[in-house]
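Quick mapping for you: the protein sequence lines, in order, are chains A and B.
Going from the first sequence to the working numbering is simple: count from 1 and add 4.
Going from the second sequence to the working numbering is simple: count from 1 and add 34.
One or more of the hints may lead you astray.
Covered stretches of chain A (chain B as the covering partner; in silico rule of three or more C-beta atoms under 8 Å from a C-beta of chain B) [claimed, not checked]:
#1 42-52
#2 162-173
#3 348-358
#4 377-386
Simulated from the structure, these hints should not be mistaken for laboratory data.
Quick caveat, the model's predicted, so the values are computed rather than measured.
Backbone N, C-alpha and C define an ideal beta-carbon position, used for all residues, glycine too.
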Amino acid sequence: MTALNRAGWRPEMTAGGADDTVTFTGNRALMLEEPLIFEIGSSETTGVDFDEETPVADLGNLARSTPIGLPGLSESETVRHYTRLSRQNYAIDLGLFPLGSCTMKHNPRLNEKVARMPGFADAHPLQPQETVQGAYAVIHELAEWLVTLTGMHSVAMSPKAGAHGELCGILCIKAALEARGEDRRVLLVPESAHGTNPATAAFAGFSVEDIPATAEGRVDLAALKARLGPDVAGVMVTNPNTCGLFERDMKAISDAVHAAGGYVYCDGANFNAIVGRVRPGDLGVDAMHINLHKTFSTPHGGGGPGSGPVVLSEALAPFAPLPFVAKQADGGFRLIEEENAGEDHPETFGRMTAFHGQMGMFTRALTYILSHGADGLKQVAEDAVLNANYILRNLEDVLDAPFGFSGPCMHEALFSDKGLAEGFSTLDVAKGLIDEGYHPMTVYFPLVVHGAMLVEPTETESKAVLDQFIGALRSIALRAKNGDPALKTAPHFAPRARLDETKAARNPVLAWSEPAAAPGVPVASEVGGG
Amino acid sequence: MRYLPLTSGDRSAMLAAVGASSIDDLFVDVPAEARLDGPIPGLPNQASELAVERHMAALARQNRAAGDGPFFLGAGAYRHHVPSSVDHLIQRGEFLTAYTPYQPEIAQGTLQMLFEFQSQVARLLGTDVANASMYDGSTACWEAIVMARRITKRGKALLSTGLHPHYRSVARTMAKYTGDVLVDGDPRLEAGTDWAALAQAIDKETSCVVVQYPDILGRIDDMTALASACQSAGALLIAVVTEPVALGAIKAPGEMGADIVVGEGQSLGVGLQFGGPYVGLFACKAKYVRQMPGRLCGETVDANGKRGFVLTLSTREQHIRREKATSNICTNSGLCALAFSIHMTLLGEAGLRQLAAINHGRAKLAAAELAKVPGVSVMNRSFFNEFTLLLPTAARPVVHKLAEKGVLGGVSLGRLYPDNDGLANGLVVAVTETVTEDDIAAFAAALKEVLA
Chain A
5 MTALNRAGWR
15 PEMTAGGADD
25 TVTFTGNRAL
35 MLEEPLIFEI
45 GSSETTGVDF
55 DEETPVADLG
65 NLARSTPIGL
75 PGLSESETVR
85 HYTRLSRQNY
95 AIDLGLFPLG
105 SCTMKHNPRL
115 NEKVARMPGF
125 ADAHPLQPQE
135 TVQGAYAVIH
145 ELAEWLVTLT
155 GMHSVAMSPK
165 AGAHGELCGI
175 LCIKAALEAR
185 GEDRRVLLVP
195 ESAHGTNPAT
205 AAFAGFSVED
215 IPATAEGRVD
225 LAALKARLGP
235 DVAGVMVTNP
245 NTCGLFERDM
255 KAISDAVHAA
265 GGYVYCDGAN
275 FNAIVGRVRP
285 GDLGVDAMHI
295 NLHKTFSTPH
305 GGGGPGSGPV
315 VLSEALAPFA
325 PLPFVAKQAD
335 GGFRLIEEEN
345 AGEDHPETFG
355 RMTAFHGQMG
365 MFTRALTYIL
375 SHGADGLKQV
385 AEDAVLNANY
395 ILRNLEDVLD
405 APFGFSGPCM
415 HEALFSDKGL
425 AEGFSTLDVA
435 KGLIDEGYHP
445 MTVYFPLVVH
455 GAMLVEPTET
465 ESKAVLDQFI
475 GALRSIALRA
485 KNGDPALKTA
495 PHFAPRARLD
505 ETKAARNPVL
515 AWSEPAAAPG
525 VPVASEVGGG
Chain B
35 MRYLPLTSGD
45 RSAMLAAVGA
55 SSIDDLFVDV
65 PAEARLDGPI
75 PGLPNQASEL
85 AVERHMAALA
95 RQNRAAGDGP
105 FFLGAGAYRH
115 HVPSSVDHLI
125 QRGEFLTAYT
135 PYQPEIAQGT
145 LQMLFEFQSQ
155 VARLLGTDVA
165 NASMYDGSTA
175 CWEAIVMARR
185 ITKRGKALLS
195 TGLHPHYRSV
205 ARTMAKYTGD
215 VLVDGDPRLE
225 AGTDWAALAQ
235 AIDKETSCVV
245 VQYPDILGRI
255 DDMTALASAC
265 QSAGALLIAV
275 VTEPVALGAI
285 KAPGEMGADI
295 VVGEGQSLGV
305 GLQFGGPYVG
315 LFACKAKYVR
325 QMPGRLCGET
335 VDANGKRGFV
345 LTLSTREQHI
355 RREKATSNIC
365 TNSGLCALAF
375 SIHMTLLGEA
385 GLRQLAAINH
395 GRAKLAAAEL
405 AKVPGVSVMN
415 RSFFNEFTLL
425 LPTAARPVVH
435 KLAEKGVLGG
445 VSLGRLYPDN
455 DGLANGLVVA
465 VTETVTEDDI
475 AAFAAALKEV
485 LA
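The following block holds chain B by itself, in its conformation from the complex (with noise of 0.2 Å):
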């Protein structure tokens, strides 16, 4: 086996020198009922680099790759382009072979990336500081509401109806299990957010309201009043992000008064990869800090006074604190933060506003082309590279059919909402800078033919 160094030499003087006989004697501490002969039974043996290889790639090739032709998908997850130099980045063995910096001496690099890391979401978010990165946009949303809890001590969030409804189920099925009171709803196909309502609903058992920005239909929108309101009433404000790029636009949540922010981070760097692993983004005001959860990592000196960065404030963690911490999480999303870090490095201020610019503009052209469509209109009042069309017949069928053609046309929002008759004929539609004219056309033209 390739993987495995010893040889049947070292195995049989290294029994000796432990002073077994064969190998069973060092399994004698498995009961006699779980004891196996050989190997587990209906399982294929070893197998060549070149057979494994030949085995994956047939699987890859039965998946139809985002970039094989026209491709319109986001609701949560955005196709963007990532520069060559970030995959070779972190293949480099010793980011990718790593593991949580727990002896700071000899991980400076990790370390040092993830204050770099932290900087540029606080900055991004608006917020005075970030943590070293959670699973992703899902998970860090219900911590965010969590540690809502824990500032207030009351047990009620109020979810826009405009999260995603995957944070949203996330956000269900814990709370579930914690006691803590949800307050949501399917969103309604009109051009405005559900902000000013939500404003009205804030109670003294309210904890926090979650708005997501731009929200599942692609609609942005000024927090600032939402944000006084749950100042004056005790309540925080929290912000969802799902497409980081929109910020290299639009005002930051942290800026507009958001007293939590939380993202997924995965349009920058990571990529699609079907789900997973994403990074999850995670920044507050300062004084919030203690009761983040996640890791932190801060600046320090060395014994030769030399600047230096250390993972700290761990007193919050699970291997200090046990059953007080204040989350669970141990190992978070330290690859794909490098991802991010390192794509926010290469664009830096100047190419982020340039992307985010171009991403704004290629989806206004696509709006306009689409809405040409017959019996097609653009739901929204404003939005960034993302929107919903409303079809004259449900959108579900309509994005099969649009496949079949070549044109993987957005998420339906029969897909996101499949209990909901009223919001059937929605169709999100996301238009990054990977997008081209052509696209669009083509895009257009299938969605005529479909419709017809």
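Excised from the complex, chain A in its bound form (with noise of 0.2 Å):
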């Protein structure tokens, strides 16, 4: 906390109250600070009441005999910490946030309420199977629509993100390979896919090899075709594609994959554009993991939890992994685990997580499913489309567009930094975009365009919504090429302005620990009130 001095004053106040930014106790009206929870609670407060005497343990010598160093706040100290701490953060419950790739659209509290059912949220993940039917026809259910959606064999549902996905969909991959008795060690990915992708591929052992892009962005099919060969693996080709583009030529290079004896994986983080509309299953995909997260809307919650179910064609079913869920002839369903998939699925390459995956996001996806209906889910995809293309034409004119000469986009708008004046980067247009009340669009990525914007608005945008972020995404353009210096400094209306990030990478400080008091500074519990 900002030392007190027992004037009541801010060192950096002026006595006079002239710099009116400028406050006693650091708040700016609505914009509240909040310190540490190691800085305001203490080891004996707790917010949480027992009905009993704390009776004596017997731990012997493994007794905790050392504090832990765990501050404690009320309950009401606890609820205004952290409400004060969630005003802090752009959300979409505030306004757009047209993340690309992220899909970043609006979360159903139906869907909430429904995860809530004591039925799903308080049952134990290895209860005697006959007491979880509807846990079990839950995930069975929500399979269905996900296979049938995509026009795919089968899917597997306990990947906990969609990275934990594309692993599932590699080990298939490796698996089948195993089963054919070949040593395919190579996976050719596009350098406009996401990290994960070589990532995960390298996590599974392969080594990664890069896909040339045209220059309309999308996979060279002749440079593709050329490199396929007895080490290649297969593909991990993300469609609609990261520069938001379909790949016309998704058939052909599935086509291709499967005459050299490989296996396609599709990333499917961008579905979103797709889903209702356009099923994998018809271009040939082996593997494919769905974002729940995304496509169905559960909440993304500061950065997880995910989810990322697999839908798998028929040549990977096989090897799709422990436990899953299996309807019977009686109507009822059993789970396919260790013990018996010697006899029902020989084949699987193991067991990727300790559960059944994640059953919170189930229920919500299910809900957000259920509420779309096939038609819903087709408006999902054309409303996508529909509000990326006109942030696309109704920018391109102020912000290079590299592919928008290459056809419509699908679910997002790709910008580079061309054109911004001398100093001036993609960077700069973020921050700017902060300050006009809108989270930034993925910056950066995809690397195949320098100075990357990467502009996913979703459906659940109206068009006052959308012409207000086009206004003001052509201001900020045209003050970037303008040189405005105020964007460099941007932005000036956040919590904070930049931060610096070299420090906390050259000097990493993790945790929190107690300050040295420095000598001569009163700390504030030396200061009276007044």
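These two chains come separately, so use the hints to put the complex back together.
This is the structure in structure tokens:
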């Protein structure tokens, strides 16, 4: 906390109050500063009451003998602490959050209500199977939807997030190759892919090679064909790709890879553009993860939890992970896991996570899907694509759209920093958007475009919101082209100005520690109230 | 459709603005063979909130909720009372509907929370640093094994037989494809851990020893000697904690010399949720921080000198390093980490210690009562809030018969180790503060009837 002096003035305040940006508390009306729990809590304070006395523990020499150092707050202080913190965040609930490839759409609150029903939220993953038939039914019903919407053969539900789903798909490919007795070690990944693709391939023991792109931002089919061979296990293609374009040659890519004995992994991060309108199964895909937190609107939660079920072709289905839910002839459900896999699923590559996957996300995603239905989901894709094209065409005269000539975009519009004034960058545009009341778009990704700005509005934004955003981004683009110096120091109105990331990385402070008291400086507790 | 704000008038105007005559013009790049004429056949159309809620509620009712009666399941997922304010606060839209804090100026809420979470986790586990969370305990455990391989440049991991069998399964799955060598096995029904034997088994190829604390059978043991054995052999000690509440009563693994401590944080704030989403804890000694997987939040200052927080050391991560990253993890478990952190803040040190003491006391009471059932004995020499009962018959059918009597009476070792007949009579019983004395009496009575 900022040290106080006895006069009740912070040192930087002038006696006459001439500088109206400085206050005694550091607060500025509704913009409230909040210390760390370690600075306001104490090890004696608790916000939880128990009904009984503490019994004496008999844990011998394993008993805790030293303080842990965990601060506690009363319930009232706790509610205030986290409420104040929450107000320093931007969120979809506050406005447009056009983070490309992340699909920040509205999170319906019915989904939250359903996920909290005790039958779902208060069930243990190892309960006797006859006591959790409803949970299995949810997993099965969602699985059927995902299989039908993608036109695939089956689905592995347990992966915990998109990258975990990629790992699942890649392990299926590895297991399938092993079953064929082939040792193929190369996965081809376009340079425009999400970083998770090459990282996943490497994590599973493959080596990664780039697939070149054409000038219009799509996979170079001829170059891909030329590279295929007996050492290539397959490709990882994102479709629609991260330039916001549909891979027109997707079927030809799949056919060529299959003819060369490989498999096709599709990164389904951008499924929102085509859900209900195009089935990846019709394009020859062997495996694709679906980010339930993107397309099916389970909340992003400040960085997860996600959920990444993987739909599989008939060729890869036998290798899917354990456990999974199977419907029986009598209409009931049972779990296929290690003990019965030998009979029912002998070629499985094994288990990826302790339990059944992200049940809390399954209930939300199924609720979302049932709310939309087949017709509503088709409308989702169409409105998402229409909104993105509306942004692309209304901005391409002021911001460089490197693939604007390549045809309509899908659910996201890609711009570059070409044409900004000397010394002005994509970062400045992003920070300018913050002052206008928006979360910036994805920046510096994909890597194939210099100073990339990837804008994904999603279908849950109205035309009025898009019109205002277009106006704001046009204004910032013009300021960046004309070299407005105020943009270099944006944001000016956020809870914090630009943060020093170099300092954070050079001298990492990753946990709180008690500050050493500087001599002569009174700490807050020594200062009287008036 | 209630979530879609565009009107048909908007759509027409916007299509005209982009120069398209119909929406199909925007899907022109989809190959002809993949174009669909209308909605995908065989699926229902949109439904009202009322209709959807009715459908989902009917499915929820087909489950027996843990709170419906006496409940004693643990084995990696524990039922604790979560204060009401936790769920209220995590549903603040600014937390719920934000994403990974890529723009720190407008994400200080999430970032400060993560910094507090990391600090709480590091202190609880007795380590220097912790990351901003992993998917769950089982995946965190594998990531720790891979991290030990990176640090030691050795490829053999010794897994204690007391490690959760699902965690072992995850490691086995991954090791099959990465070339890591695992030495593992099933536990034996004996009062003590296998740690002394593990210390003997460490050799020059050993990257790490993985122990669970408390272990799958509920046993607790001092890992100090094992930590020294690891250290002198150049191997790392990885401790896995699936019940973090235990650390309110017993020594932290880091305090006893563990190099990496991972865990399942579900016990605090998150709830059972039928297995997920959960929150993986990942912590280690400071010298290994650059080999850690996952997001890390660090303290810095802004251009005006004000304290602030950012994601940092991201040159370890996939979005920068791609195939050379320490892990492929991207999205972690932010909202569950928030729930964990709020619950921990509400408890504080005093509350956590009291909660842990109550759990231990309740478990001792339950163990004493259940041991009175004819033919039943408690295997453990020591335990926190979970212990293993030895029954005179196979435990698996007993669990189902108990369920028929309304008691969810633990997890049978037959379910966890179906191929090991030697473990069939074991029943793992967890007893938290949510269990009442009446519940214990009901369990003992039902068990007596079932075994009679």
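Verdict on chain B covering the stretch 162-173 of chain A, where coverage means 3 or more residues with a C-beta closer than 8 Å:
That given contact holds, which follows from 7 residues of the stretch 162-173 of chain A lying within Cβ reach (below 8 Å) of chain B.
Taking 8 Å as the C-beta cutoff, is the stated coverage of the stretch 377-386 of chain A by chain B satisfied by three or more residues? Since 9 is at least three, the answer is holds.
Counting residues of the stretch 348-358 of chain A that have a beta-carbon nearer than 8 Å to any beta-carbon of chain B, does the count reach 3? holds (count 6)
Coverage of the stretch 42-52 of chain A by chain B, judged on three or more residues with CB within 8 Å | holds (count 9)
The structure is consistent with each of the numbered hints, conforming to all of them.
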